[in-house]
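Number of protein chains: 2
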Amino acid sequence: MSDASTLSLSFNPAGIELDRRQGLSRQLYQALRLRVLDGRLASGTRLPASRDLAAALGISRNSVVRAYDQLYAEGFIEGRVGDGTYVAQLAQVLTPEKKLSTKVSTGFSTGLPTALSTNWLDLPVVPSSKVIHSGTFTRLEKNHLPTPPSGPPRAFRVGVPAFDLFPFEVWAKLNAAFWRKPDLQQLCYGDPAGDARLRGMIAAYLRSSRGMQCTAEQIVITSGAQQGISLCAQLLVEPGDGVAIENPGYRAAGHAFAVAGARLHGVAVDSDGIDCSAMAGLGDCRVAYVTPSHQYPTGVVMSLARRLELLAWAERTQGWIVEDDYDGEYRYTGAPLAPLAALDRQGRVLYVGTFGKVAFPALRLGYLVLPPALVQAFSQRRAVDVRHSEVSTQAVMAEFMAAGHFQRHIRRMRRAALSRRNTLLAGWPMNIDGVGSLPNVAAGLHLTVPVDTVSREQELIAEAASVGVEINGLSSYWLPDSTISDDRRAGLVMGFAAVPEPAITAALARLRKVWGV
Amino acid sequence: MSDASTLSLSFNPAGIELDRRQGLSRQLYQALRLRVLDGRLASGTRLPASRDLAAALGISRNSVVRAYDQLYAEGFIEGRVGDGTYVAQLAQVLTPEKKLSTKVSTGFSTGLPTALSTNWLDLPVVPSSKVIHSGTFTRLEKNHLPTPPSGPPRAFRVGVPAFDLFPFEVWAKLNAAFWRKPDLQQLCYGDPAGDARLRGMIAAYLRSSRGMQCTAEQIVITSGAQQGISLCAQLLVEPGDGVAIENPGYRAAGHAFAVAGARLHGVAVDSDGIDCSAMAGLGDCRVAYVTPSHQYPTGVVMSLARRLELLAWAERTQGWIVEDDYDGEYRYTGAPLAPLAALDRQGRVLYVGTFGKVAFPALRLGYLVLPPALVQAFSQRRAVDVRHSEVSTQAVMAEFMAAGHFQRHIRRMRRAALSRRNTLLAGWPMNIDGVGSLPNVAAGLHLTVPVDTVSREQELIAEAASVGVEINGLSSYWLPDSTISDDRRAGLVMGFAAVPEPAITAALARLRKVWGV
Numbered sequence: 040m041s042d043a044s045t046l047s048l049s050f051n052p053a054g055i056e057l058d059r060r061q062g063l064s065r066q067l068y069q070a071l072r073l074r075v076l077d078g079r080l081a082s083g084t085r086l087p088a089s090r091d092l093a094a095a096l097g098i099s100r101n102s103v104v105r106a107y108d109q110l111y112a113e114g115f116i117e118g119r120v121g122d123g124t125y126v127a128q129l130a131q132v133l134t135p136e137k138k139l140s141t142k143v144s145t146g147f148s149t150g151l152p153t154a155l156s157t158n159w160l161d162l163p164v165v166p167s168s169k170v171i172h173s174g175t176f177t178r179l180e181k182n183h184l185p186t187p188p189s190g191p192p193r194a195f196r197v198g199v200p201a202f203d204l205f206p207f208e209v210w211a212k213l214n215a216a217f218w219r220k221p222d223l224q225q226l227c228y229g230d231p232a233g234d235a236r237l238r239g240m241i242a243a244y245l246r247s248s249r250g251m252q253c254t255a256e257q258i259v260i261t262s263g264a265q266q267g268i269s270l271c272a273q274l275l276v277e278p279g280d281g282v283a284i285e286n287p288g289y290r291a292a293g294h295a296f297a298v299a300g301a302r303l304h305g306v307a308v309d310s311d312g313i314d315c316s317a318m319a320g321l322g323d324c325r326v327a328y329v330t331p332s333h334q335y336p337t338g339v340v341m342s343l344a345r346r347l348e349l350l351a352w353a354e355r356t357q358g359w360i361v362e363d364d365y366d367g368e369y370r371y372t373g374a375p376l377a378p379l380a381a382l383d384r385q386g387r388v389l390y391v392g393t394f395g396k397v398a399f400p401a402l403r404l405g406y407l408v409l410p411p412a413l414v415q416a417f418s419q420r421r422a423v424d425v426r427h428s429e430v431s432t433q434a435v436m437a438e439f440m441a442a443g444h445f446q447r448h449i450r451r452m453r454r455a456a457l458s459r460r461n462t463l464l465a466g467w468p469m470n471i472d473g474v475g476s477l478p479n480v481a482a483g484l485h486l487t488v489p490v491d492t493v494s495r496e497q498e499l500i501a502e503a504a505s506v507g508v509e510i511n512g513l514s515s516y517w518l519p520d521s522t523i524s525d526d527r528r529a530g531l532v533m534g535f536a537a538v539p540e541p542a543i544t545a546a547l548a549r550l551r552k553v554w555g556v
Numbered sequence: 040m041s042d043a044s045t046l047s048l049s050f051n052p053a054g055i056e057l058d059r060r061q062g063l064s065r066q067l068y069q070a071l072r073l074r075v076l077d078g079r080l081a082s083g084t085r086l087p088a089s090r091d092l093a094a095a096l097g098i099s100r101n102s103v104v105r106a107y108d109q110l111y112a113e114g115f116i117e118g119r120v121g122d123g124t125y126v127a128q129l130a131q132v133l134t135p136e137k138k139l140s141t142k143v144s145t146g147f148s149t150g151l152p153t154a155l156s157t158n159w160l161d162l163p164v165v166p167s168s169k170v171i172h173s174g175t176f177t178r179l180e181k182n183h184l185p186t187p188p189s190g191p192p193r194a195f196r197v198g199v200p201a202f203d204l205f206p207f208e209v210w211a212k213l214n215a216a217f218w219r220k221p222d223l224q225q226l227c228y229g230d231p232a233g234d235a236r237l238r239g240m241i242a243a244y245l246r247s248s249r250g251m252q253c254t255a256e257q258i259v260i261t262s263g264a265q266q267g268i269s270l271c272a273q274l275l276v277e278p279g280d281g282v283a284i285e286n287p288g289y290r291a292a293g294h295a296f297a298v299a300g301a302r303l304h305g306v307a308v309d310s311d312g313i314d315c316s317a318m319a320g321l322g323d324c325r326v327a328y329v330t331p332s333h334q335y336p337t338g339v340v341m342s343l344a345r346r347l348e349l350l351a352w353a354e355r356t357q358g359w360i361v362e363d364d365y366d367g368e369y370r371y372t373g374a375p376l377a378p379l380a381a382l383d384r385q386g387r388v389l390y391v392g393t394f395g396k397v398a399f400p401a402l403r404l405g406y407l408v409l410p411p412a413l414v415q416a417f418s419q420r421r422a423v424d425v426r427h428s429e430v431s432t433q434a435v436m437a438e439f440m441a442a443g444h445f446q447r448h449i450r451r452m453r454r455a456a457l458s459r460r461n462t463l464l465a466g467w468p469m470n471i472d473g474v475g476s477l478p479n480v481a482a483g484l485h486l487t488v489p490v491d492t493v494s495r496e497q498e499l500i501a502e503a504a505s506v507g508v509e510i511n512g513l514s515s516y517w518l519p520d521s522t523i524s525d526d527r528r529a530g531l532v533m534g535f536a537a538v539p540e541p542a543i544t545a546a547l548a549r550l551r552k553v554w555g556v
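From first to last, the protein sequence lines stand for chains Y and S.
With our numbering as the guide, the letters of the first sequence map in order to residues 40 to 556.
With our numbering as the guide, the letters of the second sequence map in order to residues 40 to 556.
No lab work stands behind these hints, which were simulated from the structure alone.
There may be inaccurate statements among the hints.
A pair holds if it fits inside one copy or across any two, identical chains being indistinguishable in the list.
[To be verified] Within a straight-line C-alpha distance of at most 16 Å, the following computed EDC-like cross-link-like pairs (lysine to aspartate or glutamate) qualify:
hint	residue 1	residue 2
1	K552	E438
2	K220	D230
3	K220	E208
4	K552	E540
5	K220	D203
6	K552	E502
7	K552	D472
8	K220	D58
9	K212	E438
10	K212	D323
Please model the complete structure; the sequences and the hints are all you need to start from.
Shown next, in the form of structure tokens:
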């Protein structure tokens, strides 16, 4: 091992100044990330060994290792076996910060009105935001939004966290405390952007846990992630605009964009995330909707290179990226990846967050983190739609965060999800006819296993349902007009967090029996 | 007085059959109302004296008097001094029930796209639902939705009930009870139409207190009245459609329709309510938005004749009526009038209700009562917009209603509002320069006093503000392009329920001083 005097000449840590009163590894991580992004640390630069850098900076080696781990997890650096650590090869490096365009347009469009694109008509949902007209009704019978499964949570429901572990007693006490002495002022009409204290808590949480440099003023509270997505659709899309969505992907997001009049373009997802080169070929896309932390439903984590490519697309085309970080809290190996919103330097990313996957879905509490120039428009539209969210849910969540319950609960939920994931992985039957191997599950609350054909997928799901086990078909996550061969469409999508370990084990036993494995 | 043997031949009670196990006066009221509406009881028919009818039906005279009182309050019957009681002269009698048109249209429109009508551009709000496009921002600075007044409630804030009287201790207990033992099933994704038990409670409440023959299946829970109005706008209006709104009227409703692309037609309000003959002249109106119980802000109660005229318009044109019954619980003389939704026999009325004026605005809990054929489309759109409302607010309100707290609280709130109204009326300074006389305040939570000119109105409001008294200017409730002479535009709109009587008296003393009266 080299000591401080033999530091590689290609890397000079002299400019890195650390404030000893704050987290040193985070500061180092940020300083190094910034240098990669602005080009001061070029691709291929060899980084000093952790011990050497620690000595050079006068900090503990542990701090350096943690910073390197995070940079590694995010793809900024890479290890070469037997040869140390290097700045990764990035396809795109962000261009220097440009001013946000503030040019004022008339806002008028001369295109067709239609919220009724072909893609949208194919979706199993009301085909237009304007379905009722002059006493006639359009395809209400045939088309309907798939209703989420009801009944008590059971294995392997998708989209539901381990909310049996939620500290309901604490929540009950905080609720009662709020209502016993309410501030009368809070009970009148409030700020459509949401409770000021909660907005501050969320911004602080995102700064510390996600590396997002956001302020409370950028936060708009929503009624869950769905309202966040829906507001983006209503405010970013003109009827007829192209919107890129992941295919397979989160269908309810597609519905929200289609209701706003978007022409949906399903874009393939590969092992790095959404295929940006395919997206660049779609000339007219205004918006890309993505789930980079843990693609829904395939589970792919978007690579750093792909993240930068997507950001470059948005800058080049003046497009918008809607980043749905629905389960970003759940990362099992390494720290959570920095979201696109943390890498965005041009104000092109609208970040959708939710408490539904940390607390429980029926809380209907989420938030948007917006480029500052968009906050007013979103607040105003929200005021016209719903005015604002119910007061106590916001105030109680703010207190829950301020008192430290939230951070403790996230850790508890992450441990629980990991343990339940392990129970599923350990007990999953091998050699099920027509079913591929288990993926590596590094994040999230569900996993997807490939199946040879859609008919086999449906058979397995029906058999599972016959013994009370819920499994979603990957085939239901594709846009209807997708030109994807049958064998790539099929799979089993399974949530592993909804029920405790014994229930998972019992469900697996029933599956083994009914599947004959 | 005549006895049963001298009943007028023009009225035969023989067909009226009452079920003795249920409320007799309500059954009699409904039987008589039905006969007026279907023409069996013609205008001008003399009704028997209450004592005679009671004898003929074998029920108490009290039951007959209550039924007559309600019919009188609703304008179905009228008294002639010294000459008994007659069926009123109604401009329009509803035609026999027709089947709802279920013709299927393509839903396509070939008109202009524009959500950007001239009217809408004049509104002080974001001029389109699609304001952000390709990185450019449209008039965000100049136009903004007026924010509701903030700070603790004070005299004479409009739109706020006596929520200092809300039983917060009860609400706190019910909340804590819900959260201590939550039904895990309720914490997953729920029905977008809302909590089933709450929907049932609301339907029962409307049947008993409003004479609406609705079922739980017709109820869709909303995030306050605003979401109810906004959903109506999104689902009933195609861009370019005409929408009739009361002028002066509730501006936030106008904004919701404008965001959906409506061309707003402001229609005058006279002493019977919205001017239906003026409305009929607007050939292309698809929707009429009205506040019949207590017009906002003038306080006019829509007469029965006008209600029937409006319903006839909707049937004739296959138009929709959005009935916003925002403060229908507050009626001080006689029982509340039957809403349009209770008179509607063709499924043309969408009823907007809210808990905001009985509990408090920040609860953000309201509901729609929809013609059965529309329920699915509204639920689906709500699912795309927000999925559904927060679980505990709905469950706790259902329990609050089931345990009888709600009915008790309404009575308490009505008494409080009446007392606060009386305090304002009794202490209001006479002979304020340029200010007209106080109106008769039979309903609601606010009153409007005419002022000679807008400049005088603004002067009085500024002086009131200087001594901490909030008064709204009637001039701010008009559509911007209204061709109304200055002297009809001006007035003082004052809420009388927001603060207790001593605060009202103190505010009046300050007004007397600053206004020099």
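Hints broken by the structure, by number, lowest first? 1, 2, 4, 8, 10
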